[in-house]
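There are 2 protein chains.
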Amino acid sequence: MEQLIQQIKKKQSLLCVGLDTDRNKIPPHLLKEEDPLFAFNKAIIEATHSFTVAYKPNTAFYEAHGEAGWRALKKTIDYLNTHHPDIFTIADAKRGDIGNTSTMYAKAFFEEMAFDSVTVAPYMGRDSVEPFLAFEHKYAILLALTSNEGASDFQTQKLTEEELYKKVLQTSLTWRNSDRLMYVVGATKAEFLKEIRKIVPHQFLLVPGVGAQGGSLEDVCQYGLNDRYGLLINSSRGIIYASQGEDFAEVAREKAQELQREMEKLLSTVKVK
Amino acid sequence: MEQLIQQIKKKQSLLCVGLDTDRNKIPPHLLKEEDPLFAFNKAIIEATHSFTVAYKPNTAFYEAHGEAGWRALKKTIDYLNTHHPDIFTIADAKRGDIGNTSTMYAKAFFEEMAFDSVTVAPYMGRDSVEPFLAFEHKYAILLALTSNEGASDFQTQKLTEEELYKKVLQTSLTWRNSDRLMYVVGATKAEFLKEIRKIVPHQFLLVPGVGAQGGSLEDVCQYGLNDRYGLLINSSRGIIYASQGEDFAEVAREKAQELQREMEKLLSTVKVK
Chain B
259 MEQLIQQIKK KQSLLCVGLD TDRNKIPPHL LKEEDPLFAF NKAIIEATHS
309 FTVAYKPNTA FYEAHGEAGW RALKKTIDYL NTHHPDIFTI ADAKRGDIGN
359 TSTMYAKAFF EEMAFDSVTV APYMGRDSVE PFLAFEHKYA ILLALTSNEG
409 ASDFQTQKLT EEELYKKVLQ TSLTWRNSDR LMYVVGATKA EFLKEIRKIV
459 PHQFLLVPGV GAQGGSLEDV CQYGLNDRYG LLINSSRGII YASQGEDFAE
509 VAREKAQELQ REMEKLLSTV KVK
Chain Z
259 MEQLIQQIKK KQSLLCVGLD TDRNKIPPHL LKEEDPLFAF NKAIIEATHS
309 FTVAYKPNTA FYEAHGEAGW RALKKTIDYL NTHHPDIFTI ADAKRGDIGN
359 TSTMYAKAFF EEMAFDSVTV APYMGRDSVE PFLAFEHKYA ILLALTSNEG
409 ASDFQTQKLT EEELYKKVLQ TSLTWRNSDR LMYVVGATKA EFLKEIRKIV
459 PHQFLLVPGV GAQGGSLEDV CQYGLNDRYG LLINSSRGII YASQGEDFAE
509 VAREKAQELQ REMEKLLSTV KVK
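Order-wise, the sequence lines are chains B and Z. When we follow my numbering, the leftmost residue of the first sequence carries the number 259, and every step to the right adds one. When we follow my numbering, the leftmost residue of the second sequence carries the number 259, and every step to the right adds one.
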């Protein structure tokens, strides 16, 4: 956590790059590589790491290719840990199951692959999340309020006293090792951030949806930043698929740098403890 | 679906065997096999298939072994589809993400590996589930009311008018291709089954938690059966880890047969359309 805060300070950036690496969307010339997904990720990482404090591969894109995809994911996290050990890593896996099974998922992402964190779905409650929190120096990023349309199906439904997502936030604070929790909060719901910060003032929020999914960086920073920064802002498609040509990495770098510069401006107002 | 109903009729069984195959729990003599997880699964499948209408590997146990685990999972589903194509298969993966990402997960489990169904978490709502329902002759099994303690954290919380899990059930019926939905309902909540059957009278329920997790088979059948059977009852540890000796497959067979016999009695009262 301190390392993440140092990275944000040093790079003046909250940028998380989403490695949603889709075989059908990467530049065609990479398909002749032995491992196109990894070749693409490596190039994107090298192009963007100066402006980036976190990388977030979404596991779905790797699982869709079975064993080979899983190998590409493993090579990606190994590459990050070897060449950029200071950068925070997120397995965007949205896992969650009964206790012993969640422990197996935690082992998959914290041990078999050495990610710093994993995204977790809250529906099954305390004993489905706590196993992820049992690993020192590892974090679980809980789905709280997501950026998709379906978020209104359940997350913003009112319980007797409050909306479900607020109950999720409040309840999660009572869980063991809750200091290892972060939260997914959709950027397109910036107006909710004020409410969310009342409940979880100190935690990091992972905000997807700046870039291709829309969402205002200014709003997110205005209501989301705290005195330890407390924000990771993800962009996937807006960076990694900005060009499909041989210049894809260079263009990705430019897009990452653009975002970092906007972030730098917005960060200039923050006083970090 | 018709095939599943035929299997239940023919075998007089609702039994789903959970292949939660843990390297640390399988008989030690299998560890010298080239692929111990697959060798174990193959032996369990051969020992139990006469009494079993569905197999349900939980993906966590395979992911914990990375690429090799993923390979064992793939070999397991291929083996089932080759040797026992009539048996229903469930990837117990509890996935769910925004639309295009859920599509990738669906491809992972319906195409890359040819499972008949996958378990899905509802928290992200409609557009996170519908992509799984876009595949013909494939099913999504939605977490509704789970059997773990944490189920009371959110699932049984009251919304303004009803509990969250009821809202999940009701809302899911409005989703596109909702005829491809089944639901996870925890066996230890048999008293809830009556309520659940009011909302989803026709769908199949996957009931975990008979066996090692407790839960009364009688109650589940009394309140859960419908005129197309409508029940799959899972047992994992109670069957697959009943013995750790070289006789593990034989003992698994006995345990599966015991459960099937109890089921047969309870099924004798059902009139199927």
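Rather than coming from a laboratory, the hints here were simulated on the basis of the structure. Note that beta-carbon positions come from the ideal geometry of N, C-alpha and C, so glycine has one too. One thing to keep in mind: the hints can contain errors.
Claimed, not checked - Not close to chain Z: a few residues of chain B, all C-beta gaps over 10 angstroms, as computed: (1) Q415; (2) K425; (3) E504.
Said to hold, decoys possible - Under the rule of at most 27 angstroms between Cα atoms (straight-line distance), these lysine-lysine pairs were calculated in the BS3-like manner: (4) Z:K416 x B:K452; (5) Z:K416 x B:K456; (6) B:K300 x Z:K365; (7) Z:K529 x Z:K269; (8) Z:K529 x Z:K365; (9) Z:K332 x B:K332; (10) B:K332 x Z:K333; (11) Z:K332 x B:K290; (12) B:K365 x Z:K333; (13) B:K456 x B:K529; (14) B:K333 x Z:K332; (15) B:K365 x Z:K529; (16) Z:K452 x B:K416; (17) Z:K332 x B:K283; (18) Z:K333 x B:K333; (19) Z:K416 x B:K416.
What are the numbers of the hints the structure violates, in ascending order? 1, 2, 8 and 15
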